[in-house]
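Asker: Protein chains in written order, with the working numbering: chain A, 222 to 420; chain B, 16 to 793.
A portion of the hints provided could be inaccurate.
Said to hold, decoys possible - Derived DSS-like pairs (lysine-lysine); straight-line CA-CA distance at most 25 Å: (1) K495/B - K724/B; (2) K724/B - K772/B; (3) K408/A - K390/A; (4) K350/A - K789/B; (5) K789/B - K268/A; (6) K272/A - K220/B; (7) K49/B - K495/B; (8) K495/B - K268/A; (9) K772/B - K268/A; (10) K350/A - K707/B; (11) K220/B - K268/A; (12) K408/A - K220/B; (13) K495/B - K272/A.
Unchecked claim - A short list of chain B residues far from chain A (calculated; beta carbon distances all over 12 Å): (14) G67; (15) G209; (16) L263; (17) A306; (18) E664; (19) R690; (20) T722.
Calculated from the structure, these hints are not laboratory results. Glycine included, every Cβ here is placed at the ideal spot set by N, Cα and C.
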Amino acid sequence: MSKQMTLLIDLDRCNGCQACTVACKVENNVISGVFWNRVHRMGPVGKFPDKLEMFYFPMQCMHCENPTCVVVCPTKATYETEDGIVLVDSDLCIGCEYCIWACPYDARTLNPETKTVEKCMMCTHLLEKNELPMCVYTCTGGARHCGDINDPNSEISQVLAKNEGRQFKIHPELTNKPSVIYLLPRKGAETLCKSISRS
Amino acid sequence: MSSSIIPLPDGGKIVKTNCFECHSKCGVLCTVDKDDKLIKVQGNPEDPRNEGRMCAKGLSAPEILYDPDRLRYPLLRVGERGEGKWKRISWDEAIKWLADKVKAITAEHGAKAIAYGQGTGRGTNQWTQLGGFMGGEVGHSLSPGNICLVPMMVQGFMQFGMFPTFDGVDFDNADCIVFWGSNTVWTEGSYSSGQVGRSRDRGAKLIVIDPFFEHPLASKADVFVPVRPSSDVYMALAWLNIIINEDLYDHEFTTKYSNAPLLITVEDELPVTLDMLEDAEPNVFLVWDKATQSVKNIHDKDLDQDIWYRGELTLKDGKKVEVKTAFWALKELADEWSPAKAAEMCWCEPQQIIDSCRIYANAEAATISVFQGIEEHTNCKETLHLINIIISITGNLEKKGGNLSMPFWQQMRGLAGKPPETQAALRMYEDGPEGAKGTLYGTASLPKAAFAAMRTGKPYPIKAYICVQGNPLSWAENTKKVRESLMSLDVLCMMDYYMSPTCELADLVLPAAHWTERDYIGDEVCSEWVFGQQKAVEPLYERWSDITFWRTYGREINKEAWPWETDEELFDYQLKETNAGVTWKELKGKWIHHLPPFSSREYWKNGFPTPTGRAELYSIGNLRAGAFPLPRAEEAKETPYSKPEMAAEYPLIAVTGRRYPIYYHSSFRGIPHLRELAPHPMVVISTALAKKQNIQDGDEVYIETVTGKISMQARSSDGLHERMIMIPHGWWQGCPELNLPAYPDDSANVNVLTGDKAYSNEFMTPNMRSVLCKIYKK
Numbered sequence: 222m223s224k225q226m227t228l229l230i231d232l233d234r235c236n237g238c239q240a241c242t243v244a245c246k247v248e249n250n251v252i253s254g255v256f257w258n259r260v261h262r263m264g265p266v267g268k269f270p271d272k273l274e275m276f277y278f279p280m281q282c283m284h285c286e287n288p289t290c291v292v293v294c295p296t297k298a299t300y301e302t303e304d305g306i307v308l309v310d311s312d313l314c315i316g317c318e319y320c321i322w323a324c325p326y327d328a329r330t331l332n333p334e335t336k337t338v339e340k341c342m343m344c345t346h347l348l349e350k351n352e353l354p355m356c357v358y359t360c361t362g363g364a365r366h367c368g369d370i371n372d373p374n375s376e377i378s379q380v381l382a383k384n385e386g387r388q389f390k391i392h393p394e395l396t397n398k399p400s401v402i403y404l405l406p407r408k409g410a411e412t413l414c415k416s417i418s419r420s
Numbered sequence: 016m017s018s019s020i021i022p023l024p025d026g027g028k029i030v031k032t033n034c035f036e037c038h039s040k041c042g043v044l045c046t047v048d049k050d051d052k053l054i055k056v057q058g059n060p061e062d063p064r065n066e067g068r069m070c071a072k073g074l075s076a077p078e079i080l081y082d083p084d085r086l087r088y089p090l091l092r093v094g095e096r097g098e099g100k101w102k103r104i105s106w107d108e109a110i111k112w113l114a115d116k117v118k119a120i121t122a123e124h125g126a127k128a129i130a131y132g133q134g135t136g137r138g139t140n141q142w143t144q145l146g147g148f149m150g151g152e153v154g155h156s157l158s159p160g161n162i163c164l165v166p167m168m169v170q171g172f173m174q175f176g177m178f179p180t181f182d183g184v185d186f187d188n189a190d191c192i193v194f195w196g197s198n199t200v201w202t203e204g205s206y207s208s209g210q211v212g213r214s215r216d217r218g219a220k221l222i223v224i225d226p227f228f229e230h231p232l233a234s235k236a237d238v239f240v241p242v243r244p245s246s247d248v249y250m251a252l253a254w255l256n257i258i259i260n261e262d263l264y265d266h267e268f269t270t271k272y273s274n275a276p277l278l279i280t281v282e283d284e285l286p287v288t289l290d291m292l293e294d295a296e297p298n299v300f301l302v303w304d305k306a307t308q309s310v311k312n313i314h315d316k317d318l319d320q321d322i323w324y325r326g327e328l329t330l331k332d333g334k335k336v337e338v339k340t341a342f343w344a345l346k347e348l349a350d351e352w353s354p355a356k357a358a359e360m361c362w363c364e365p366q367q368i369i370d371s372c373r374i375y376a377n378a379e380a381a382t383i384s385v386f387q388g389i390e391e392h393t394n395c396k397e398t399l400h401l402i403n404i405i406i407s408i409t410g411n412l413e414k415k416g417g418n419l420s421m422p423f424w425q426q427m428r429g430l431a432g433k434p435p436e437t438q439a440a441l442r443m444y445e446d447g448p449e450g451a452k453g454t455l456y457g458t459a460s461l462p463k464a465a466f467a468a469m470r471t472g473k474p475y476p477i478k479a480y481i482c483v484q485g486n487p488l489s490w491a492e493n494t495k496k497v498r499e500s501l502m503s504l505d506v507l508c509m510m511d512y513y514m515s516p517t518c519e520l521a522d523l524v525l526p527a528a529h530w531t532e533r534d535y536i537g538d539e540v541c542s543e544w545v546f547g548q549q550k551a552v553e554p555l556y557e558r559w560s561d562i563t564f565w566r567t568y569g570r571e572i573n574k575e576a577w578p579w580e581t582d583e584e585l586f587d588y589q590l591k592e593t594n595a596g597v598t599w600k601e602l603k604g605k606w607i608h609h610l611p612p613f614s615s616r617e618y619w620k621n622g623f624p625t626p627t628g629r630a631e632l633y634s635i636g637n638l639r640a641g642a643f644p645l646p647r648a649e650e651a652k653e654t655p656y657s658k659p660e661m662a663a664e665y666p667l668i669a670v671t672g673r674r675y676p677i678y679y680h681s682s683f684r685g686i687p688h689l690r691e692l693a694p695h696p697m698v699v700i701s702t703a704l705a706k707k708q709n710i711q712d713g714d715e716v717y718i719e720t721v722t723g724k725i726s727m728q729a730r731s732s733d734g735l736h737e738r739m740i741m742i743p744h745g746w747w748q749g750c751p752e753l754n755l756p757a758y759p760d761d762s763a764n765v766n767v768l769t770g771d772k773a774y775s776n777e778f779m780t781p782n783m784r785s786v787l788c789k790i791y792k793k
């Protein structure tokens, strides 16, 4: 089986500290107003004090197996690597924003300065050196993992195996086939998560 | 080259050092290029605490280092105070100017007219204190110790002779983790957040006791207990009730290693000592020995102690006295606080108290993290005292997975030497029933009183205030009065990263070096380790380490107090005095050094360094200092119960000072990639209140108390009680790059709202987390 590099994010261990957001900005020199990675606070919703739900939800490119952004890109600036990572070649990007419309995950932003589209590149420059993406490296809750999900011996596969039953993908019903895997919070977000984890 | 600096092929290097953006001092790797430019900061996997993890603040270090708004040179005021006109001067001139002024004031008013202080310290505590002591009259220590760390640290020392509720919280080995008025996964996230997650993965239970469901762990908790701010004291009493009456306490620890069996009089609950019964040495505390049916010295070995003894003893003069054990006193107190009665005061459900307590007390090893949600109340001593008792009698003290001693907290004591002999006579405080005497914080003056002395000259004038890393216009209660006070000074000297609002009022502003540009010892909150917190780059412009400043200036005033000619000599003194077993040069070379554990880690051999040699439920230290030796059910001084008339006009309870994970107090609103994540100060109100007062998210609202009025944007949340609001602190700085505003004139400064009328008598802590207020649309 070919390689599929991806992220696994355990929502039970995300504490919303925004270290990943800032690590991504610093590592990749992402300008103000553009985000390759964001952490949303979902909730709290419900009735105070004991019928409440809340969780933190990190979002970035889902590095889809059938990425629509690649299909719609007129200049082939957006492409998928052999490792399953979706990248943008900014030299080829003309800023037409078709990919922004095509992405179901709101993962892409037009950089107003360069007029090209940007998004999470899975820190490929670090992966090439056998280092982890900065968001994974720095995550204070230890919620983020990165690796080849098709390799059963990889750390990411082992974390997934240990957490059978908690994994979900966002909009798996779409033809995109997102590769990024989330683990549901163990508690405190049962109804909140239903909307994003239906499968 | 030492192993703490790794050369890179391109001529650059990686420097192992420690972050300083908060207290936790995570191990970091700084990548520096061949031109001595700091390129990148990331966590160091070799630090056993953060294991490579690093928060948003620490990751921003290069941005903070090179921020164009940072101070660069010493500046002397040339216009009117606060006018913003400055002259650049050299460090030599600055030190001489300051020393001359201080000497002149001292000649006229005495050294007591000089106040020294700091902000959060994070390792300068001992040197700021030495500054205060070096005049030989009084250390005012005009710092926010009363609202941060001192209550929980000192109460720990009082009861255990050590401090087990900060870096001694053993998240990694606990079977139950309690966050009680504490959110260290944000404030010291890199060494708590990962550990908490790892422990929960293996099944550890989680309890969060907090007024706000937006605590990042509340939704994940096995039990979330939504308490009314400051009512934690009743919650703790109900826990104690359950633990004693459901027999959930650790019999062996409680009997042998706590002073539960200490004999006290029934009438006034004071200890019975041997010299009351016979001619004997003073201060021999007693227990009842079942084997011999007699009283014995609490320090004796092989006793068969009775923690439930009640009886009558005959005094030397033949009179009889009724006695009981300290444990009886605790039971009698706790029996008054059933979960139902406590729940009524806490505004929660009895079952939440019962469930949380049983999970904690039944866990094999359980740990409690407490912090400012407990500290910043006028009844903080009582709650902390009770929590320390709970940790003790459940056998979780000095237990793996419980609450542990850490060596630094003992070692740092005494580094500044003894306070001047006139300390007690000259320190400023308030007496009386609503008093703020500071019975347990005698090394400082009541900040309010010291500020008043600047304005009024009473009880004697304070003419100069010299402060590092501090911004009292942000941290101190009742900002309006603080501002007036600072305006009345002859000399205000501030050392900072930025031109803070307090710096703007100063005569002399000194540029502080960032942690990446100065050498330091990484000591406080470093658990079992001490670190060579070496610089990564040479200091830019003319920035100095605050230690260099204290030492250089100190030597101008009192060379005997500051014998060290270089910072390295001072570091060596600290390392030697604290028995670290390493020199500065060695430490810098190896970066990390393990310290021997504190003696009470083997309490079964060494006991605890307290007057009774035990973990003190009944605190002899408190008693001797003039504080209550047993906890009491004390309602805080500004609540709907204690101030019903005020509450009629100001019905809401404000919690101030809730943290952001991306800012440290008032720092870093100017760093664009942090500011864009929290661009505006926002008060959080309940959805119900928002509906009732027709307040939409983003509406500007006024928040008003008896003390003052500010405005902020409102955001509604389902996560809090209708009568509570959450107000952030530290908002003054703008972010020019993002065109986001500064907040001059204290327009969004929460401490305009906090009052200077209600204090903890023991720790001089104002009611910052329980402020009666009202809110209305602008």
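Asker: Each of the hints needs a verdict: does it hold here or not?
Answerer: A quick look at each hint next to the structure:
no. : hint            : in the structure
1   : K495/B - K724/B : holds, 11 Å
2   : K724/B - K772/B : holds, 17 Å
3   : K408/A - K390/A : holds, 18 Å
4   : K350/A - K789/B : violated, 57 Å
5   : K789/B - K268/A : holds, 23 Å
6   : K272/A - K220/B : holds, 19 Å
7   : K49/B - K495/B  : violated, 49 Å
8   : K495/B - K268/A : violated, 39 Å
9   : K772/B - K268/A : violated, 35 Å
10  : K350/A - K707/B : violated, 57 Å
11  : K220/B - K268/A : holds, 23 Å
12  : K408/A - K220/B : holds, 12 Å
13  : K495/B - K272/A : violated, 41 Å
14  : G67             : violated, 6 Å
15  : G209            : violated, 4 Å
16  : L263            : holds, 24 Å
17  : A306            : holds, 50 Å
18  : E664            : holds, 25 Å
19  : R690            : violated, 9 Å
20  : T722            : holds, 28 Å
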